[in-house]
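Colleague: Produce the entire structure from the sequences given, and follow the hints as far as they go.
Next come the chains, spelled out residue by residue.
Number of protein chains: 2
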Amino acid sequence: MEAVERLGRALVKHGAIIDLYDDTVKTQAGNIVHYDFIGHKGAAAVVPVRADGKILMVRQYRNAVDRFTLEIPAGGKNGADEPPYTCAMRELEEETGYKTDKMDHLIDIYTTVAFCNEKISIYVADNLIPSHQNLDEDEFIDVEAVSVEDLTAMILDGTIMDAKTVSAILAYKEKYIK
Amino acid sequence: MEAVERLGRALVKHGAIIDLYDDTVKTQAGNIVHYDFIGHKGAAAVVPVRADGKILMVRQYRNAVDRFTLEIPAGGKNGADEPPYTCAMRELEEETGYKTDKMDHLIDIYTTVAFCNEKISIYVADNLIPSHQNLDEDEFIDVEAVSVEDLTAMILDGTIMDAKTVSAILAYKEKYIK
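If you read the sequences in order, they're chains S and V. Residue numbering for the first sequence follows my numbering, beginning at 1 and increasing consecutively. Residue numbering for the second sequence follows my numbering, beginning at 1001 and increasing consecutively.
Keep in mind the hints are simulated off the structure, nothing from the lab. Among the hints, erroneous ones may be present.
The calculated lysine-lysine pairs, modelled on DSS-like cross-linking and capped at a C-alpha distance of 25 Å, are [as the list claims (entries may be wrong)]:
{"id": "1", "chain 1": "V", "residue 1": "K1175", "chain 2": "V", "residue 2": "K1099"}
{"id": "2", "chain 1": "S", "residue 1": "K54", "chain 2": "S", "residue 2": "K175"}
{"id": "3", "chain 1": "V", "residue 1": "K1173", "chain 2": "S", "residue 2": "K54"}
{"id": "4", "chain 1": "S", "residue 1": "K178", "chain 2": "V", "residue 2": "K1178"}
If you want the footprint, here are the derived chain V segments under chain S, 3+ residues with CB under 8 Å [said to hold, decoys possible]:
{"id": "5", "stretch": "1012-1020"}
{"id": "6", "stretch": "1034-1040"}
{"id": "7", "stretch": "1067-1076"}
{"id": "8", "stretch": "1136-1145"}
{"id": "9", "stretch": "1153-1159"}
Beta carbons are placed, not taken as given, at the ideal position from N, Cα and C, and that holds for glycine.
Modeller: Shown next as structure tokens:
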């Protein structure tokens, strides 16, 4: 099977955390079409596992979906060149108040391949060292420790719908708990 | 914990499948800030299970991530008011050439809660009836049947990174195979 051929990518709007582009693409049928493209610098996330096996989760209000969510700690990279490992280490400490000296890579995900290049690199940290939460002035996050069993139930009953969290928790179970 | 208060949502650009907005938000700290918001009409996806237990997957080129992907069949709703069940039934038949007379709801996911409201409703169909693939002129999709075992390995080794596919396959295992 062939790839499409991208003929152009025009910036429509430079946003705060994403950029909107208008892509001109030649399809395999030879037609010239326009696709939306959202450019994102990438992100990283962590499954922080306590000694008792519970996962440190963060609760916060998410404007885009008009609700509070329970997610694994995560955040955007400081520029496209920041290594995701560095980003994940920072976000873990900033959001949960625990740091670690070593993380294992779990999986990477593309959040929404139809129109966006956002890639989230997800790690597992099981050596959690008490430190200090360090939130931005406008960031409000509560930390909760939840068992993997309870998180699985919350995924299947619709309490947790965040794709990176669903992917990360279930992949963690596959790799470490089976 | 409090929610943020959204003071305004201004359309920046109406795209082909998404719209970019500039949200004005009052944070819990009382500051007025601007957030990117991508409006999406929603989507639906299906885990199509053959009689032999293999899953019908679709392979296609994804411009946004510059690569071929192996995904569960999925597609955008025909407008925000279309029931996701209807959308999933249509996309299953159009993309795989198999239809079904009944689907069970598996999970819903939000693809990327930091800036977008895209919700994908995911179903399971295990009564697959041969029909006809019905792709758009510019849509090129190959169908492959893959075992759940192999899909799990492809998730853990990085071959499959699409978040809806990772979420759907691992949730399907949790709910139906354990």
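Colleague: It remains to establish, for every hint, whether it holds in the given structure.
Modeller: Against the structure, the hints:
Between the alpha carbons of K1175 of chain V and K1099 of chain V the distance comes to roughly 22 Å, so the proposed pair stays at or under 25 Å and holds. Restraint check for K54 of chain S and K175 of chain S: satisfied, since their Cα atoms lie roughly 16 Å apart, inside the 25 Å limit. For the given pair, K1173 of chain V sits about 22 Å from K54 of chain S by alpha-carbon distance, which is consistent with the 25 Å threshold. Pair hint K178 of chain S plus K1178 of chain V holds up; C-alpha atoms about 11 Å apart against a cutoff of 25 Å.
With 7 residues bearing a CB less than 8 Å from a CB of chain S, the stretch 1012-1020 of chain V meets the requirement of three and the coverage assertion stands. A stretch counts as covered by a chain when three or more of its residues have a beta carbon under 8 Å from one of that chain; for the stretch 1034-1040 of chain V and chain S the count is 5, and the coverage holds. Counting residues of the stretch 1067-1076 of chain V whose beta carbon lies closer than 8 Å to any beta carbon of chain S gives 4, which reaches the threshold of three, so the coverage claim holds. For a cut-off of 8 Å, the count of residues in the stretch 1136-1145 of chain V with a CB near a CB of chain S stands at 4, and the three-residue condition holds.
Given a C-beta distance limit of less than 8 Å, the hint that chain S covers the stretch 1153-1159 of chain V holds, as 3 residues qualify and 3 suffice.
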